[in-house]
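Residue numbers (numbering that gives the first Met the number 0), protein chains in the order written: chain X, 0 to 193; chain A, 0 to 573; chain R, 0 to 276.
It should be emphasised that the hints constitute simulated quantities derived from the structure, not laboratory data.
Computed from a predicted model, the values in this text were never measured in an experiment.
Some hints here could point you the wrong way.
FRET-style restraints, in silico, Cβ to Cβ [stated by the list, open to error]:
| # | chain 1 | residue 1 | chain 2 | residue 2 | range |
| --- | --- | --- | --- | --- | --- |
| 1 | A | Ile571 | X | Ile146 | 33 to 43 Å |
| 2 | X | His52 | A | Pro482 | 47 to 57 Å |
| 3 | X | Glu14 | A | Lys560 | 30 to 40 Å |
| 4 | A | Leu492 | X | Thr119 | 52 to 62 Å |
| 5 | X | Leu94 | A | Pro535 | 42 to 52 Å |
| 6 | A | Leu492 | X | Glu14 | 51 to 61 Å |
Every residue gets a Cβ at the ideal spot worked out from N, C-alpha and C, and that includes glycine.
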Amino acid sequence: MTNKLLADSHLHNKETQFTSVIGMIILISSLTMLFVALIASYGVLRVRSVNWHSHSMSYYSLSIACFNTMLILFSSYSYSTIVKHVKALNLTKTLYWINSTIGIGILFLFLQSTLWYLLTNSGYSISSHQAGSVFYMLSGLHGLHIIIGIISLFWLRGKILTSDNHVNRAQLVGIFWHFLTFIWIVIFFSVIIY
Amino acid sequence: MHRQNKQTFWSKSIFSLDHKVIAKQFLFLGIFFLLFGGYLAMLMRWSLTHTMEQLPWWLLGDLLYQESPVGSGIIGPDAYNQLFTMHGTIMIFWAITPILIGAFGNFLIPLQIGTGDMAFPKLNMISFWTMFLASIVLLASYLLPQGTAAGGWTAYPPLSTPVGGIPGSGQAYWTLALTLAGTSTLMGAINYITTIVRFRAPGMSYFRMPLTTWGLFLTSILNALFVPIIAAGLIILLLDQVAGTQFLVAGQKATIPGGDPLLYQHVFWIFGHPEVYILILPAWGVVSDLLSVFSRKPAYGYKMTAICMCTVTALSGLVWGHHMYTTGMSPLLGKAFMFLTLLISIPSSIFFLNWLGTLWKGALKFEVPMLFAMSVMWVFGLGGLTGLYNATITSDIYLHDTYFVVGHFHYTMAASVMFGAFAAIYFWFPKIFGREMNKKMGVVHFWTSFIPLNLVFFNMMVMGYAGHHRRIFDPSEFEFLKPILGLNEFMTLAAFVLGIAQVLFTINFFYSIFRGKIATKNPWNAATLEWTVSEPIPHGNFAIIPEVFNGPHEYSNPNVKGRDWISQSEKINS
Amino acid sequence: MNFSEVYSRIKIKSKNQLKLGGGIWFLDPPKDVSLDGYRIDDVIHYTDGIILFYFGIVVLLMTYFVIKYRARPGHSAEYDKGDRKKNVIITICMGMMVFLTIDVVIEGMAFRDLKQAFWKFPKGENVVKVEVMPQQFAWNFRYAGLDGEFATADDLIPTQNQMHIPVNTPVVIQIAPYDVIHSFFIPNFRVKVDATPGMVNTLWFQATETGEFEIACAELCGNSHYRMKGVLTVDSHEDYQKWLSSQDEEGEPEEDDWGDEDEGVPTFWGWSWKEAI
Numbered sequence: 000m001t002n003k004l005l006a007d008s009h010l011h012n013k014e015t016q017f018t019s020v021i022g023m024i025i026l027i028s029s030l031t032m033l034f035v036a037l038i039a040s041y042g043v044l045r046v047r048s049v050n051w052h053s054h055s056m057s058y059y060s061l062s063i064a065c066f067n068t069m070l071i072l073f074s075s076y077s078y079s080t081i082v083k084h085v086k087a088l089n090l091t092k093t094l095y096w097i098n099s100t101i102g103i104g105i106l107f108l109f110l111q112s113t114l115w116y117l118l119t120n121s122g123y124s125i126s127s128h129q130a131g132s133v134f135y136m137l138s139g140l141h142g143l144h145i146i147i148g149i150i151s152l153f154w155l156r157g158k159i160l161t162s163d164n165h166v167n168r169a170q171l172v173g174i175f176w177h178f179l180t181f182i183w184i185v186i187f188f189s190v191i192i193y
Numbered sequence: 000m001h002r003q004n005k006q007t008f009w010s011k012s013i014f015s016l017d018h019k020v021i022a023k024q025f026l027f028l029g030i031f032f033l034l035f036g037g038y039l040a041m042l043m044r045w046s047l048t049h050t051m052e053q054l055p056w057w058l059l060g061d062l063l064y065q066e067s068p069v070g071s072g073i074i075g076p077d078a079y080n081q082l083f084t085m086h087g088t089i090m091i092f093w094a095i096t097p098i099l100i101g102a103f104g105n106f107l108i109p110l111q112i113g114t115g116d117m118a119f120p121k122l123n124m125i126s127f128w129t130m131f132l133a134s135i136v137l138l139a140s141y142l143l144p145q146g147t148a149a150g151g152w153t154a155y156p157p158l159s160t161p162v163g164g165i166p167g168s169g170q171a172y173w174t175l176a177l178t179l180a181g182t183s184t185l186m187g188a189i190n191y192i193t194t195i196v197r198f199r200a201p202g203m204s205y206f207r208m209p210l211t212t213w214g215l216f217l218t219s220i221l222n223a224l225f226v227p228i229i230a231a232g233l234i235i236l237l238l239d240q241v242a243g244t245q246f247l248v249a250g251q252k253a254t255i256p257g258g259d260p261l262l263y264q265h266v267f268w269i270f271g272h273p274e275v276y277i278l279i280l281p282a283w284g285v286v287s288d289l290l291s292v293f294s295r296k297p298a299y300g301y302k303m304t305a306i307c308m309c310t311v312t313a314l315s316g317l318v319w320g321h322h323m324y325t326t327g328m329s330p331l332l333g334k335a336f337m338f339l340t341l342l343i344s345i346p347s348s349i350f351f352l353n354w355l356g357t358l359w360k361g362a363l364k365f366e367v368p369m370l371f372a373m374s375v376m377w378v379f380g381l382g383g384l385t386g387l388y389n390a391t392i393t394s395d396i397y398l399h400d401t402y403f404v405v406g407h408f409h410y411t412m413a414a415s416v417m418f419g420a421f422a423a424i425y426f427w428f429p430k431i432f433g434r435e436m437n438k439k440m441g442v443v444h445f446w447t448s449f450i451p452l453n454l455v456f457f458n459m460m461v462m463g464y465a466g467h468h469r470r471i472f473d474p475s476e477f478e479f480l481k482p483i484l485g486l487n488e489f490m491t492l493a494a495f496v497l498g499i500a501q502v503l504f505t506i507n508f509f510y511s512i513f514r515g516k517i518a519t520k521n522p523w524n525a526a527t528l529e530w531t532v533s534e535p536i537p538h539g540n541f542a543i544i545p546e547v548f549n550g551p552h553e554y555s556n557p558n559v560k561g562r563d564w565i566s567q568s569e570k571i572n573s
Numbered sequence: 000m001n002f003s004e005v006y007s008r009i010k011i012k013s014k015n016q017l018k019l020g021g022g023i024w025f026l027d028p029p030k031d032v033s034l035d036g037y038r039i040d041d042v043i044h045y046t047d048g049i050i051l052f053y054f055g056i057v058v059l060l061m062t063y064f065v066i067k068y069r070a071r072p073g074h075s076a077e078y079d080k081g082d083r084k085k086n087v088i089i090t091i092c093m094g095m096m097v098f099l100t101i102d103v104v105i106e107g108m109a110f111r112d113l114k115q116a117f118w119k120f121p122k123g124e125n126v127v128k129v130e131v132m133p134q135q136f137a138w139n140f141r142y143a144g145l146d147g148e149f150a151t152a153d154d155l156i157p158t159q160n161q162m163h164i165p166v167n168t169p170v171v172i173q174i175a176p177y178d179v180i181h182s183f184f185i186p187n188f189r190v191k192v193d194a195t196p197g198m199v200n201t202l203w204f205q206a207t208e209t210g211e212f213e214i215a216c217a218e219l220c221g222n223s224h225y226r227m228k229g230v231l232t233v234d235s236h237e238d239y240q241k242w243l244s245s246q247d248e249e250g251e252p253e254e255d256d257w258g259d260e261d262e263g264v265p266t267f268w269g270w271s272w273k274e275a276i
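Please model the entire structure based on the sequences and the hints provided.
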């Protein structure tokens, strides 16, 4: 492996880069509308309900959720480091941080599944009450998008190893990755904490 | 076929990245479902006039309803509910959307703005195959033992959840298929918007784009913003259907308290109302352009029309409550929705007047596409005006959920949108397939569609005004419906003629693909950029990216000598 | 500007007074036997007439254009883009004229009618109150009994598919369904209201004639939605009293009655009348 693969990325056409950014912005707008609609639905259900079972997660489950929140925040930091190293044409460090981010993503999903398992076994299931339904629905949908994000990271890793034009690609996947972090923060505070 | 880097069968036709091939794929899918959805309508009309009688051989009764619980070859009440559900769903999402937006959006946008392909060709291909997957899921529900979805195309919960009592998992398949279809549309929207924003040829400013492109552009913006909202609704509905949640279930049958059926209605119609504008905006654009081509005169008030289309697009997101006047919403909210809904009349009537202005003092050529384009004026005039009855809260109290609404939306959706699509197909067929469709058959198709269509759907409005409520398997149960039933026979006859006309069209369409007269490069002498390239259009469309000097409707310009048109990429020698 | 006030000056006394567009809808709606149904008929007829007027102009114009401006040798089109200031102003004015003569008028009529009638719920002793609970696939009607209070022991046993009301008396109904969404529609009264689970909706109307009239379900509710029929009998006052006294009382509620008070679902299938209206 040489750094030559990263060296060519500065030649990438600024015009086509901007085009893909526009495409990604439209995608993020659409996904925003999706999550806004779901969170607004949650809001409607909660406001209109007589008895909302908030704060009924066990402290142990809650701490897993908190840890996951910090993990995903760290993954955004980890991702930004990837971009930094791509720009600096440092292939070794780029790969190290991509692998780490993938690892963090997989760990996040693993801990989410553990959280689900623990909660379901303690009576906080998808069909025990509306709060449960909302939690599983939102965290599930978010998790599905994290899977897509991890697949994108594998794809990015493959591209870095085999071709050029990385900065743009890394930034595009980054928009999506950071968006997912943001969505999780919203879900965490509005559904789990509040 | 088209030259690409790789020439294998798979990459050339099945998994092609070329927008023109993908457009054809959407077109064939759309026409298939148009015929299938129309067939379902024929079954419904039969059932209404021959309730509980055995289907005749030419409606393939034995094939489909052999295992029918009410008797072999007989449509019963459950089957009838499945029919109107699937008819509505298929016509909207599997016929109109693939034809107008999938096929024509894909084919025309790059060509009309002067570029080589869509911004994201791979995404384009994936969008088609996602739609294909959605189609498989939808059609698979026909193989289920308990049948397909039966909750209406609107699928209101709790009826569409297990609590509602519709047997089997058809409803869940429906929800999944629709979610996949929406994903396909979203991918298309991302592509269309990015392509139009970024890839217009030099000189192709926004206000030099054909109005067809404007329609497709605005449709894509609405799609990008509002399809995710229905996706949200479908996700929570799907969870209610399969995961034991009760987001949308309340009342005595709810085991989890706190659900809200009305939430679904709001989410559904926040998408649903922009959806009807999504369907009609491309048709408006096509009609505006075609009226200009066949009047040999610029589209009257082009900029005004474009701005009106933008205004309608913006307003469309604010009016969804007019589908819910009878749900018991607060009076203030109801009034606000009524006011905003009525406001849409202003831009609509302005661009309708512009259509009239295009015809005025023109030199009208009554080619087949023109017949369809002019008929859109008729049917959209009627359809749009009859929307007023539903916009007004008081008249809507009586007319809501009657055949009046069915007549109204068939005029605006089935008639206006479909005739716009037919106009587009007849007009661009020479460019897509390099051959011409048979003109005589086209004229016959037009009249045998236009007249029966009016006979069917105008009479539906008459029935609705007489009080006939919707989704009724057997109207003979009610005394107040008895005077109306005679009309049913007449409407069914007209509907069958309408159906046969579409078979005629399909024969013309497929025959012409293989055996039609070879078309010249620009048989209509049209000014937009797609007519400057010869069939077979190469991959990449233009050998040299054109430079645009004129607007899209330079017909009968006195500065152009010797002919009554000049292309967008030709300089006018003044 | 208060549309209700402007349009309340248009005094409409008799039914079908505004049948300008009569004849487009060649089938008549069921006979209107309600106090305020004529308002709906009138706004529909006004809309008929004005639409006929404008659409008629469009059809005439199109016919004229088809003949006068057809392409023929010696005839060419005029190169007019319609984008001069004059054109824009005329077109916008024409659009506004359509808006003012149709939309603003029907909006005013609707606002007036909603304020004067449909949203003006009657109060007082003589108002007849009925609770309606549609289910798959029947209509249940509950009357309050002598004490005038719902959800008490002297409520009448709910009737199924039979509703009785006295003539010339305001009737207020509250409706909540048992299972899925239904819609209470009486064509002869021009009224309709949805019944959504988890909500209680209110509707009022008044009969002007005696007779039997059909109630239909106007929201798809399942495979027998098409025959979910109720009968509304409008009695004279004496006959209504006779009918009331012939009905049995419900008695004390059972232990296992439907619903659970804690979760906001009413205890009997009836609910305490919502007095907020």
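To see whether the hints hold, each was checked on the structure:
1. A:Ile571 x X:Ile146: 33 to 43 Å: 56 Å, violated
2. X:His52 x A:Pro482: 47 to 57 Å: Holds, since His52 (chain X) and Pro482 (chain A) (Cβ atoms, about 55 Å apart) stay within the stated range.
3. X:Glu14 x A:Lys560: 30 to 40 Å: 39 Å, holds
4. A:Leu492 x X:Thr119: 52 to 62 Å: 59 Å, holds
5. X:Leu94 x A:Pro535: 42 to 52 Å: Taking Cβ atoms as reference, Leu94 (chain X) and Pro535 (chain A) lie about 45 Å apart, which means the hint holds.
6. A:Leu492 x X:Glu14: 51 to 61 Å: For Leu492 (chain A) and Glu14 (chain X) the Cβ distance comes to about 59 Å; the hint holds.
In this structure, only the earlier hint numbered 1 is contradicted, and the remaining ones agree with it.
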